[in-house]
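Undergrad: Sequence:
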Amino acid sequence: MGLYGFSTKRIRRVKQVGSNIVVGVFDSGIWPESPSFNDKGFDPPPSKWKGTCSAFNFTCNRKIIGARAYHIGRPLPHGDVEGPRDTDGHGTHCASIAPGGLVNKASLNGLGLGTARGAFDDAISDGVDIISLSVGGNISRKYFRDPIAIGSFHAIQNNILTSNSAGNWGPNVYTVTSLSPWLLSVAASTMDRKFVTKVQIGNKRSIQHLNPHKPSRFT
251 MGLYGFSTKR
261 IRRVKQVGSN
271 IVVGVFDSGI
281 WPESPSFNDK
291 GFDPPPSKWK
301 GTCSAFNFTC
311 NRKIIGARAY
321 HIGRPLPHGD
331 VEGPRDTDGH
341 GTHCASIAPG
351 GLVNKASLNG
361 LGLGTARGAF
371 DDAISDGVDI
381 ISLSVGGNIS
391 RKYFRDPIAI
401 GSFHAIQNNI
411 LTSNSAGNWG
421 PNVYTVTSLS
431 PWLLSVAAST
441 MDRKFVTKVQ
451 IGNKRSIQHL
461 NPHKPSRFT
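In this note's numbering, the protein residues as written are 251 to 469.
Be aware that a few hints might be false.
Said to hold, decoys possible - Each computed EDC-like pair below joins lysine to aspartate or glutamate, with the alpha-carbon atoms no more than 20 Å apart:
1. Lys300 - Asp372
2. Lys313 - Asp372
3. Lys313 - Asp376
4. Lys298 - Asp371
5. Lys300 - Asp379
The hints are simulated quantities; they were obtained by calculation from the structure and are not laboratory data.
Could you put the whole structure together from the sequences, leaning on the hints where they help?
TA: Below, the structure written as structure tokens:
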């Protein structure tokens, strides 16, 4: 985000940012045990919340206040599990951006693993305030043929903004696929850091390489 110095300190001091805001996340699922979703210091869900935590082997709390899975009627990919638990990592990563970490008292409705069918309607009925949809394609469609455009249009009619990834390709203009004027299209960026670890190989030589796992203190 390019935040540093005084700006970062000010953000950390803010105590009520996003208070009582419910964020609906449509993605690959969520890993509820991640430190990003610790509910310490949170009040019970706001009274406007109408959703449920209908998931097997999945525990909600005052941070993750609801979870559902949407299936497409065919066998699950290898390694995936039934329900909203994330085995891919994408959903957990995206869910931690808005309601995780430093955003205090912003609740999360984790909607994972599925299609657009029913997810928007459920989120509207549940009482979310904003929808985070970090899913994009490689082509743009006409509005009436685009399930994201249709679902987000229903959402905005109920005063719910949908934040959607601009696309999954680049760098040309036509690679932006989230074109609906009622959406908030968000482009991707990169960062100037990487996580590395030391590995000792057979001849006792140590080498550094990128670490696919997060550090134990990373939230």
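Undergrad: Quick one: which hint numbers does this structure break? Sort them smallest to largest.
TA: none
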